[in-house]
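In the order they appear, the protein sequences are chains A and B. Under my numbering, the final residue of the first sequence carries the number 733; numbering is consecutive throughout. Under my numbering, the final residue of the second sequence carries the number 578; numbering is consecutive throughout.
Derived by calculation from the structure, the hints in this document are not laboratory data. Ideal placement from N, C-alpha and C gives every residue a C-beta, glycine not left out. Please note that a few of the clues may not be correct.
[Said to hold, decoys possible] One-sided excerpt, in silico: chain B residues whose CB lies under 8 Å from chain A: (1) T299; (2) S307; (3) F570.
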Amino acid sequence: MISRTAPTPDLVQAALAGRRFRLVDSLLAGGLLLSLFSSLLVLITLLADTLRTAAPVFADRGLVFVTAPLSADPAKAGVLQGIQGSLALTLFVMLIGFPLGVSAAIYLEEYATDGGFTRFITANVRNLAGVPSVVYGILGLALFVNLAGGLTNGRTIVSGGLTLTVLVLPIMIITTSEALRSVPATVREASYGVGATKWETIRHHVLPIALPTILTGTVLTVARAFGESAPLLLAGALVTNFFQPSADASVVQLITDERYTALPLVVFNWARQPQEEFVQLTAAAVVVLLVLLVSVNATTILLRDRFEMKSLR
Amino acid sequence: MGVGKLLMDPLLIDLRGDRGRQRRETLVRRTFLAAAVFSVAISVAIVVSLFGEAGAFLNKIDVSQFIANGWFPRRGRFQVMALVAHSAIITGVAISVAVPLGIGSAIYLSEYARSGTRRLLKPTLEILAGVPSVVLGVFALNFITPQLVKRLFSTAETSNLLAAGLGVGILIVPLVASISEDAMRAVPDSLRQAAYGLGAKPWHVSLRVVVPAALSGIVAAIILAISRAIGETMVVALAAGNAGILSVNPLEGGITLTGAIAALAIGSDQVAGDNAAFQSLFFVGLLLFVMTFGLNIVSERFVRRYRQRY
């Protein structure tokens, strides 16, 4: 009797695939991986070069650089007004853009029927998301600075904040819509089944489930507004040095002051200065900008995790 | 409502609740509708604000200026063609960097990467996508120009279109990669399995099966990338310079459509009111809006095509 063992699947596979080294396949996979690695390389180069250039500034002056006001003297210049402006602008986006974007998305996803009107609004939102940011700046200039100048007092942080809000609104609507769409229909049906109205269903069931995803979208949106600079150039942000408003100025005085800037614009301004010292200062300002961006992301992620835990409870 | 009445006439029970509840429902619904309609108002405002001043600008100046004499708005010289040419060169450079890198990354992530590699490398693209454009502008000006462009081409100017194009290219790689990857992941596995069943090798499957099947999505990504490259402002404003004379040499500097808007905005304290230089800002903005809007619509068509098929 001849003993026969059944071939293992590995043997079959090896026989089918062959043991040849396939040059074309390896070359292609290597080339594709290389293209992916080049992004990593660029990112590392960018960060390394920025940190290397910025190092002397932080070594010499430490955190004083962050708390010092703008100045034409490279030895004294800091980014204080930029940080203040950027935080105030972000606040505008969160306080106006977030509720407005979420409301519009709730209408489109929960209330609107699939008709011509809804499709028109959805297409419009998608197209708005593709409009270059500098065009939003022109809108801000025409609408908030010039036309509504009586209300915003012209080239103030109010105009800048509203411009950024309008800019991020479409992105906010799109991400929130996606989050709402991912809530299963059974949740809504169960809620209607026990007699809840539409708004009660949305408030108590749909929104809590969608909230973590909505907040993730908000992270990206707020981060985008934080790094945005082109529209602010048009909406009146300054790219020159200016003095701090006096310490006892009221909130109204602060937001109607015709002097404001944002951190990305401080970077822009310094990058255009001819003096050699400003190259280091620019890099240092970039470091501050990136650190703040990371912390904006981190805060919102923490916030999201908190809500996620709540909605699971 | 008494129990007796309920039993008597079950068909007439009103489940809508009290009137306050109904009123609140209507109010909430209208508020949300207003928010949705607001997005349309933004579009209208953009179009109105661009067209009004752009029309006034066209009335004021001679259109024959558009093709000669350079772009010097403060001296009343408006060669729009120079802006368009510089924008086109930068877009060309950006696309020739971003398309191979972006699509290559997308094929690798979708067809080759194991989940561990994917988890490690995908965030790189996401982080790169989150870098503000002004940061890449500084990188293009202070690193790409001196370390790369000037070392390769000693004749390059300090502000040059090539460095700006490379900067914009880096900026749009993540966009190309993420849309192309989505398109390739939407290709059903049955196509890959069928190809392997016929004896195709992995490179055959990815290049001859998956890429052609995802082609409309990839084309959409490229068109969207072109639109983004044309509209990119800060990289260009920092690295490409402000030269208003038409130049088709990528080693020289030149002002672009977006660069012109930024330059006018920075100096707009001197140009206010109905001055032609101030109004040219709106005309250039309108041109930019029409170009990117057209490209976005074409790209949307392509996206819809691949969504329909699978």
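Going down the list of hints, with the structure as the test:
Restraint check, B:T299 versus chain A: the minimum CB separation of about 6 Å is within 8 Å; hint holds. A hinted interface residue such as B:S307 counts as satisfied when its beta carbon comes closer than 8 Å to some beta carbon of chain A; here the least separation is about 5 Å, so the hint holds. Here the hint on B:F570 is broken, as its CB sits about 14 Å from the closest CB of chain A, past 8 Å.
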